[in-house]
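Visitor: Given chain A, put chains B, C, D and E with the ligands in place with the hints provided.
Chains as they are written, first to last, in the working numbering: chain A, 1 to 266; chain B, 1001 to 1266; chain C, 2001 to 2321; chain D, 3001 to 3326; chain E, 4001 to 4326.
Bear in mind the hints are in silico, worked out from the structure with no lab data behind them.
Predicted, not measured: the structure shown is a model, and the values here were computed from it.
For each residue, glycine too, the CB sits at the ideal point set by N, CA and C.
Quick list of the computed label-pair ranges, beta carbon to beta carbon: (1) D:3036 to A:258: 53 to 59 Å; (2) B:1136 to D:3184: 23 to 29 Å; (3) D:3299 to C:2294: 43 to 49 Å; (4) A:77 to D:3036: 32 to 38 Å; (5) A:76 to D:3036: 30 to 36 Å; (6) B:1043 to D:3211: 26 to 32 Å; (7) E:4189 to B:1091: 46 to 52 Å; (8) C:2043 to D:3046: 21 to 27 Å; (9) A:77 to E:4129: 23 to 29 Å; (10) E:4166 to A:130: 30 to 36 Å; (11) D:3299 to C:2250: 38 to 44 Å; (12) D:3211 to B:1160: 19 to 25 Å; (13) A:76 to D:3299: 45 to 51 Å; (14) D:3299 to B:1091: 56 to 62 Å.
No more than 25 Å apart at the CA atoms, straight line, and that leaves these computed lysine-lysine pairs for PhoX-like: (15) B:1264 to A:149; (16) A:149 to A:138; (17) E:4222 to A:125; (18) D:3129 to D:3276; (19) B:1161 to A:40; (20) C:2115 to D:3156; (21) D:3276 to E:4129; (22) E:4131 to E:4222; (23) C:2018 to D:3055; (24) B:1138 to D:3276; (25) E:4276 to A:141; (26) E:4276 to D:3129; (27) A:40 to A:25; (28) A:161 to E:4276; (29) B:1264 to B:1040; (30) B:1025 to B:1040; (31) D:3131 to A:161; (32) B:1030 to B:1264; (33) A:161 to B:1030; (34) E:4276 to A:125; (35) B:1161 to B:1138; (36) A:125 to A:141; (37) E:4276 to A:138.
Output of the computed footprint for chain E on chain D, the stretches with three or more beta carbons under 8 Å from beta carbons of chain E: (38) 3133-3143; (39) 3147-3155; (40) 3249-3262.
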Amino acid sequence: MTDNYNFVPAAPHTGTTPARDFILKATDIKKSFGGVHALKGASMTMRRGEITALIGDNGAGKSTMVRCLSGIHRPDSGTIWLDGDDVTFETPNAARERGIETVHQNLALVEDLSVWQNFFLGREKTHGLGPFRTLDRKLMKSTAGDLLKNLAVNVPPVTSKVRRLSGGQRQAVAIARAAGWGSKIVIMDEPTAALGVQETARVEGVINTLRDSGVAVLLISHNFDQVMRLSDHVWVMRAGTAVAERRTLETDGDELVSLITGAKAA
Amino acid sequence: MTDNYNFVPAAPHTGTTPARDFILKATDIKKSFGGVHALKGASMTMRRGEITALIGDNGAGKSTMVRCLSGIHRPDSGTIWLDGDDVTFETPNAARERGIETVHQNLALVEDLSVWQNFFLGREKTHGLGPFRTLDRKLMKSTAGDLLKNLAVNVPPVTSKVRRLSGGQRQAVAIARAAGWGSKIVIMDEPTAALGVQETARVEGVINTLRDSGVAVLLISHNFDQVMRLSDHVWVMRAGTAVAERRTLETDGDELVSLITGAKAA
Amino acid sequence: GCAGGSSDGSGDSASSSKVAAVIKGLDNPFFQAMESGINETAETDGVDVTVQAAADIGDTTGQADKLTTLAGQDFGCFVVNPISGTNLVQALSQVATAGKTIVNIDSPIDADAAKTANLEIATYIGTDNEAAGGKAGDFVLEQVEAGSEVAIIGGIAGDVTSGARVDGFKAAVGSDLDIIQESAADWKREVALTTATDIIAANPNVKAFFAANDDMGLGIVKAVENAGLTGQITVVSVDGNQDALESVEAGGLSATVAQYPFAIGQLGVQACEVAAAGGTLPAEIESPTALVTEAEAADAIAAFPQPFAPFENPLEDELAK
Amino acid sequence: MTTTEQARPSRLKAITAETKQLSFWAENAAPIGLVVLVIVFSILSPTFLTLGNIKAMLVAAAILVILAIGQAFVITTGGIDLSISATMTFGAIGFGLAFSNGAGFWLSALIAIVAAMLIGLINGLLIAKGKVTDFIATLGTLSVATGLALIVSNGKPISVNSPELLTLTSGSLGIFGYPIILAAIIAVGAWFFMFRTRFGLHVQAVGGNEESAVANGISATKIRMAVYLISAALAGVAALLLVARVGAAEPAINTQYLLNSIAAVVLGGVSLTGGKAKIVGPVIGALLLTALTNGLTLLGVSQFYQPLAVGLVVVLAALLTRFQKK
Amino acid sequence: MTTTEQARPSRLKAITAETKQLSFWAENAAPIGLVVLVIVFSILSPTFLTLGNIKAMLVAAAILVILAIGQAFVITTGGIDLSISATMTFGAIGFGLAFSNGAGFWLSALIAIVAAMLIGLINGLLIAKGKVTDFIATLGTLSVATGLALIVSNGKPISVNSPELLTLTSGSLGIFGYPIILAAIIAVGAWFFMFRTRFGLHVQAVGGNEESAVANGISATKIRMAVYLISAALAGVAALLLVARVGAAEPAINTQYLLNSIAAVVLGGVSLTGGKAKIVGPVIGALLLTALTNGLTLLGVSQFYQPLAVGLVVVLAALLTRFQKK
Ligand SMILES: Nc1ncnc2c1ncn2[C@@H]1O[C@H](COP(=O)(O)OP(=O)(O)OP(=O)(O)O)[C@@H](O)[C@H]1O
Ligand SMILES: Nc1ncnc2c1ncn2[C@@H]1O[C@H](COP(=O)(O)OP(=O)(O)OP(=O)(O)O)[C@@H](O)[C@H]1O
Ligand SMILES: [Mg+2]
Ligand SMILES: [Mg+2]
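In isolation and in its complexed conformation, chain A is listed as follows (with noise of 0.2 Å):
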């Protein structure tokens, strides 16, 4: 019963046919609920080792794109490429296996569980054979606390209940562990949105960090400071669909608020 519950994650596959420069492709993805169409067909891409931004008004469905890329969602059409390959992930850890880390904006922590056990959940570091593998703590939580102590400014216990952290080190937590497993994306869903000036300021340090070690990071954002601070290229979504694409260094602040309310088209 518990062979299912012990595998070992397989080596990251490394495509050998990159699209031009694009890491990550994504077009015509379409996703409804219900009778909610939450995206409408829309395309993004994602550059090796670049910062890419992707901004647009509540509800525009930021959100939506980001679970259809880490595997939650299964779009309802189009295509997903990475490294040139059409990838359709089934299942979370599809996408995590080939690479796509993700820090949702619900952070997908188990409130129950303590810190180092949120850190590994679903790739828990185990010794032993077969059924009596057993789950190796003392690595799990050293990992887990040296992770966390480049970020959070209040490192919490990694002992310590995640119900019982703050918003702030919750973020860090979450932050930590997708950053923490050496991926060729990572996803970040608002990720400073609760975060105080010190915490913010380690998670863009962070992020400029894996950027550096050739990560390519996929931004979602409110914050037009921190976007123009941070990123190489913006996305910006509305209603459902990506409606354009800018260089960061070619576009400024009231650009991007006029292409994200609709007032300027793209």
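Guide: Quick look at chains B, C, D and E with the ligands alone, frame taken from chain A:
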């Protein structure tokens, strides 16, 4: 049995002994949760007709302070003065009857209820008499709809369940609810954290309107630009106490950051 | 020689010859035997019969609902074994109004309630449970010295049948024995086993157990066995189910008061036949009961489910007409 | 906000219709199940749809309908009342004792309801004030009420011969017996309280999100007290019908009623997590369960097959609710 | 982050100690209740603490302990298994039929467990794949399993005379009969699975927050399937003990075991909302409930007062859990 649920809110109490110009004064508030001392003797004030900002790092105790002011938590010790009266709110209703409205960080919406039901939750309008008093659904729906229209960009229908709203729409509902009651003090705990550009602008507009109409606003925010833009006075919290206060005009972002982090003593 | 009596229509035009039987819960072998008695008799006699039972022995309203459901159909005779004295009275008043025959088996319908509701009960067939408990009490009195400690294990607390059996037992032993404890074991073997184990532990001098049904009796036997006291503690129960008889033969259970549910069921159907044929029914028919001890066990098993002792069936004559 | 495609109305319509259909089936699992049962049984048994049988069925359903309504209030707050049938038993014994001691019908009825509400009060105090888990608190009072009923009645049924009770159980308006009329009045009242008063709204709010409800000034304590009292009071009313039906107040517990009252509520589309109120659903759920036993009895299905049949119907109806909208 | 006052250590210590004490009592409601019961009963009855009685108690507790462990897995995922005792009955009948048809002990035991797991499989499919509410699904299979047990056994108990079963029920190591040893082994195994393997962690994660668990790549479907299978398999094992204990496989429904298994888990400090796993707690809860009936019987408490006493103890123990930390 239902008698308890049909009371008419008491007319807002109008104090006649303004303690200098402070509409609200909290002195030496302490509050612990088990072993966690969230507030360790925090004191702060709000002035009549001003926007007071409350800033501080994650876990500094801002939300706990807010919950004490709005009657959700009872402080372990300390006093809250409203209009010069010693008020000790036993219940959220007591606070609301004294004219303190709050937009909580978690919004305090019931997902399974509709927008208008949430709007009037706890102080529904009724018609009829005694046990046969029925909800005045028409009146509540139209009032809720009108108040929402001023705020939200994508106004959700008042009859739709909150569960179906996006994060931004929910925030709009919560804010419209707090702002719509003609109260003396409105407390907003990170009201724009999840909002898009347009919504943020609207909320800031609402905050200014409130101030202009003589309402004192307590604004908790991590966004310095916003604090500098809106507030008249800033309180800084660190580790459970209010460590400093500044007139907004006499300070700047850098000083606030150093006060928050403790780099600069108050 | 009892076939055919029913088909040639007595003067009663409203009645069909179909028989409906509503008995207690079938989660107990006692009532299963009763059902077999009804079904097999009906089959040999060529009577159309429908048997319904309550969900369990406490399902008073469920039983009433089932009877009400059947009452609306074209049955000419109703055989009922009510869970309590009154629970079927409401439903039966409907039957009585329609002028159909009511045969009461096993547990009696409360006489006052029947009078109030204008019920005319054609006949009552059964031993009352008090008498059965009494027989068990008499047996225990013979087996143990006067003044010995005895314990009683009843069915679900508050159950009517259990109450009657226990009351009968108590009346029979009177003050000659010391009743140390009365417990409820929900009619269940496993619960009785646990309870009896505890009682033996607390009262090492207990000399006899009375159980309100065989299943619990067998549980007590097991407890006695576990305590290594087989033969030293008398265990008596009521019902006369097959596995109880076998246990008596094997020296486990000391005795069981056999109530012959099969015979009760059989008599119920036969009473309907007699009534349909226009015959006269005695107001009360005593169905056979017998105390089965080790001596009679073999005979009883051989005759099962019929009574092993010769039995005067008062309906045979009427049926033969 | 709903980003519906205005551009392609025809396709949209088709999709909407489909969605409607699916959720239509799911939202209405209980009525649909009831209709299917009625069709099946009336084909298989000519008696099923006779006036007499319908009348019998409705009378038989009354107790369960009333209990299901009480249970629905509790479940809407996210709680559960496991003591409901034991409370009914206790109320019945209260009636029996009062009546046999010479209190008239009305006084005895009042005593029954008060006795039942006593259990409800204990539930309310334990759960609302004592913060004990609903499940375990009512499991405890289930035992307590059973014990009390046994003790005060000395374990013996108390025969009740009251003309008022006789009228209650046998009177009727057309095919509607007084019991089902009483149940219907209670259902209408319950619907009104749940959906048209502040109290009902607060019940839903507490069930939906207690923290938010409290933050909005609703006293979750009061609401919880109230729903357990309502549930108990309705159990007391059901006790009257029970005594009327069996002609005696009996101290035996009716476990069947407990499980069926919960099943009726859930079949009626109320989520056990609370927050979503329904009254008509549970009523139909209760009718469904009653019709099921009635039909099986009519068809002469053996007692052994009846639990199986009931189980299968419950599971099938529940499978339908899978497609309910969230 | 914990803003503990380092400045005033003495006062802090006092507060911490107090807090510790309060939550200590609450977290350990079941063991404390057990200890209190043991003290009270051993004062009132000289027999209570005799070796023979302890042994009898432990043997009697074994079935409930095993069921409570199974129930604990299900409840940790936020579900509930109402069919657990019916499943046990069905397993017992499976054993009885196989054995009386000449299958040896081991084969029959296997058949019992497989039969029980069949019900678990249905539960799992309904709940995990069919998205049916746990409560209603297992209420349905409760009926189904009961019906099946009645049908295949023809409603009759099946006597079983197996030397292996005799050993199982009467063998012992010191005062520990084989049944309680079996239960203890299962408890240790369950603890290990729950707290030391990925599977157990995933069970807790799904119970704590299904959405988050799924977002982290855990298959909630598989986990839910697994816990219902575990619960059913343990019910199958309990069935063996049941048959061994009474020497027969009976189709009777054991509602008491169902309610007690849930009560044991909740008394053991497991929240019905899921996410918080405990194994030792439920085991002690089961011992508590068994000791309670044992003591009351030893004291010769009237049958009428026993439900009352059980109810009061359950309520009191539950009141203690009020002070549990969240
Ligand atoms: N599971 C769901 N079921 C139904 N509707 C949904 C669901 N998820 C999203 N939606 C709807 O889809 C639309 C897009 O939502 P989404 O969360 O993707 O917006 P967003 O751009 O992330 O907004 P925000 O900035 O507020 O987070 C909204 O109208 C929302 O209500
Ligand atoms: N109900 C509670 N139980 C236990 N601890 C709590 C509770 N509420 C708050 N805390 C703790 O109190 C401290 C202050 O929390 P609070 O929510 O007031 O911080 P905050 O300043 O609002 O932070 P943020 O900016 O992240 O919202 C934190 O350590 C938090 O974990
Ligand atoms: Mg979003
Ligand atoms: Mg906060």
